[in-house]
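Enquirer: The residues making up each chain are set out below.
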Amino acid sequence: MPKNERRRFLQLSGIVALAGCSQQPGAKVDEEKLPSALGKPIRAYGERSQFETAKRAVPDLKRPQIGSTRTPLAETEGIITPSSLHFERHHAGVPDLDPSKHTLLLHGLVERPLVFTVADLKRLPSASHIYFVECAGNSGGEWKAPGGPNVAASFGLASCSEWTGVPLKILLEEAGVKPAGKWLVAEGADACKMSRSLPIEKALEDCLVAYAQNGEAIRPEQGYPLRLVVPGYEGNVNVKWLRQIKIVDQPNQTKDETSKYTDLLADGTARQFTFVMDAKSVITYPSGGQKLAGPGFQEIRGLAWSGRGVIEKVEVSTDGGTTWTKAALQEPRLPKAFTRFRLPWKWDGKETEITARAADSAGYTQPSREELTEARGANSQYHYNGVKMWKIGADGSVKNA
Amino acid sequence: MRSLLVVFVLGVCAFGQKYNVGRAASADEIKATDQFMAPDGTGLPAGKGTAADGRDIYSRRCARCHGAQGQGDEEGPLVGGKGSLKTAKPLKTVGSFWPYATTIYDYVHRAMPFDNPGLLDANQTYSVVALILHMNGIIGERDEMNAQTLPKVKMPNRDGFVKDNRPDTGKKKK
Numbered sequence: 001m002p003k004n005e006r007r008r009f010l011q012l013s014g015i016v017a018l019a020g021c022s023q024q025p026g027a028k029v030d031e032e033k034l035p036s037a038l039g040k041p042i043r044a045y046g047e048r049s050q051f052e053t054a055k056r057a058v059p060d061l062k063r064p065q066i067g068s069t070r071t072p073l074a075e076t077e078g079i080i081t082p083s084s085l086h087f088e089r090h091h092a093g094v095p096d097l098d099p100s101k102h103t104l105l106l107h108g109l110v111e112r113p114l115v116f117t118v119a120d121l122k123r124l125p126s127a128s129h130i131y132f133v134e135c136a137g138n139s140g141g142e143w144k145a146p147g148g149p150n151v152a153a154s155f156g157l158a159s160c161s162e163w164t165g166v167p168l169k170i171l172l173e174e175a176g177v178k179p180a181g182k183w184l185v186a187e188g189a190d191a192c193k194m195s196r197s198l199p200i201e202k203a204l205e206d207c208l209v210a211y212a213q214n215g216e217a218i219r220p221e222q223g224y225p226l227r228l229v230v231p232g233y234e235g236n237v238n239v240k241w242l243r244q245i246k247i248v249d250q251p252n253q254t255k256d257e258t259s260k261y262t263d264l265l266a267d268g269t270a271r272q273f274t275f276v277m278d279a280k281s282v283i284t285y286p287s288g289g290q291k292l293a294g295p296g297f298q299e300i301r302g303l304a305w306s307g308r309g310v311i312e313k314v315e316v317s318t319d320g321g322t323t324w325t326k327a328a329l330q331e332p333r334l335p336k337a338f339t340r341f342r343l344p345w346k347w348d349g350k351e352t353e354i355t356a357r358a359a360d361s362a363g364y365t366q367p368s369r370e371e372l373t374e375a376r377g378a379n380s381q382y383h384y385n386g387v388k389m390w391k392i393g394a395d396g397s398v399k400n401a
Numbered sequence: 001m002r003s004l005l006v007v008f009v010l011g012v013c014a015f016g017q018k019y020n021v022g023r024a025a026s027a028d029e030i031k032a033t034d035q036f037m038a039p040d041g042t043g044l045p046a047g048k049g050t051a052a053d054g055r056d057i058y059s060r061r062c063a064r065c066h067g068a069q070g071q072g073d074e075e076g077p078l079v080g081g082k083g084s085l086k087t088a089k090p091l092k093t094v095g096s097f098w099p100y101a102t103t104i105y106d107y108v109h110r111a112m113p114f115d116n117p118g119l120l121d122a123n124q125t126y127s128v129v130a131l132i133l134h135m136n137g138i139i140g141e142r143d144e145m146n147a148q149t150l151p152k153v154k155m156p157n158r159d160g161f162v163k164d165n166r167p168d169t170g171k172k173k174k
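Sequences listed follow chains A and B, in order.
The first sequence begins at 1 in my numbering and counts up one residue at a time.
The second sequence begins at 1 in my numbering and counts up one residue at a time.
Where hints are given, some of them may not hold.
Covered by chain A, according to a simulated footprint, are these stretches of chain B (three or more residues, beta-carbon under 8 Å) [unchecked claim]:
no.	region
1	25-33
2	97-105
3	122-132
4	150-164
Some chain B residues judged to face chain A by a derived CB distance under 10 Å, without partners named [said to hold, decoys possible]:
no.	residue
5	F36
6	A63
7	G72
8	T93
9	F114
10	I138
Simulated from the structure, these hints should not be mistaken for lab results.
C-beta atoms are modelled at their ideal positions from N, C-alpha and C, and glycine is treated no differently.
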């Protein structure tokens, strides 16, 4: 048998073994009536099928301009989040900016303060990279109790896109950063002029001034027409509607790096400038709110990511954390991007708990909730990355454990 | 060799710039756009105000959301929470948590009142900032806040912040 065929045979026999050789009754569906009439005409901008319903989880808010929507990660496949489902977090609503009038001012401790139009930025050398963006507050509810009922509720403030733009390093070199320039402050054009400070080393390392997301212009709620993309760092520093960057000698201590996005510890002190998002993973199937059709073959699927590099390993436990099995990782595994993991599994129809933990190229393994709260207490609010357990009932229902 | 040549040609296009894309920013447009403020007082505008001056504007423009005494109403409180940071129910406010007084000016100036940011002029902003500090027992009712005095206000939780010292978790499992 040729090598490829032999491998396929082995895989197939594995599945048969999983299924225990007994064919299960398949679900019956209504007969499909193929249309004989002509279909819809061509159209200029596509839409998904009327039968698809995945949508962002939108909370009921007193002021819908300040709040967040969550990506239904359990209803996405692969590693790219459709732009239409990318989570939102706004502090003063979504501005409607005209790209022909929008500019980026770069000034402060530089030799040559510069103004770039959006067209200028598109003329400069460009780069495309797939990066996740995760709000520091993602999974924040789990600090007090692991209560999130489904993936969107406890992990949905994370999404992953291909971002295209000009490397910030190029702009900084054009302006010529003076030796005293150790930080920058970036400001958005939203009503609250959201602003954050960032160390200059990171700006020179891998930040992008992005104008495109997943092949088209950035969506308004993601910062149209310009967004600062800061790979692996908490979402809030990925300043949307970017309008100015000032090079400074000290962080500006803005509201969103003092009052918010600082991590309160058990001793009452708070960590500040905790930029990097640590390794994290979640099983998206089977996950909270879903129902298994019956015992037998299941492909356990999930997502893992780390702000410190590449996902090296994801282990899955189907017995509540007693034993662990390595999941297959979909290539290419990209730094600071989602990685899809999968594990074939035969569910015996009995109640159990399933969970996953990720390890990254920096040698870091995702901690348990106990390990996290022991180190930090339960008041941190931000940067929760403990493992998440799902409980499968004998009836196939999946709930938060 | 070819690419080196290209870089060289680009490199001589403009003084110090490789691509010569974008234009020089004028001092005026920088001044009009730059509203950043640093904790050492850099960027604070001229103007002044006391807590007493701030009562009127606060009651008309802030109290609805943050409460007449800053205790919180439709939105979160601006006072209180002292001594709560170590407890199971920490209350983080300007008084109990914020490390720098300049941040209050910067934030109110850029973002408040929430539904009408930019409404207050410099004197009004110094005045409500003074009032918030006073309601938290940090300054007196007649203490004047301006570009010189505000950076010198020592916030109660000034020393409550530490650097990122992760990883504090995540050692390899067997």
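Enquirer: Evaluate each hint against the coordinates.
Expert: Do the hints match the structure? See the list:
1. 25-33: holds (count 4)
2. 97-105: holds (count 6)
3. 122-132: That given contact is violated, which follows from only 0 residues of the region 122-132 of chain B lying within Cβ reach (below 8 Å) of chain A.
4. 150-164: Contact hint for the region 150-164 of chain B vs chain A: holds, 5 residues under 8 Å.
5. F36: Holds. Min distance 5 Å.
6. A63: Not OK, violated: B:A63 not within 10 Å of chain A, min 17 Å.
7. G72: violated (14 Å)
8. T93: Cβ of B:T93 sits 8 Å from chain A, so the hint holds.
9. F114: holds (7 Å)
10. I138: violated (15 Å)
Checked against the numbered hints given earlier, the structure breaks hints 3, 6, 7, 10 and satisfies all the rest.
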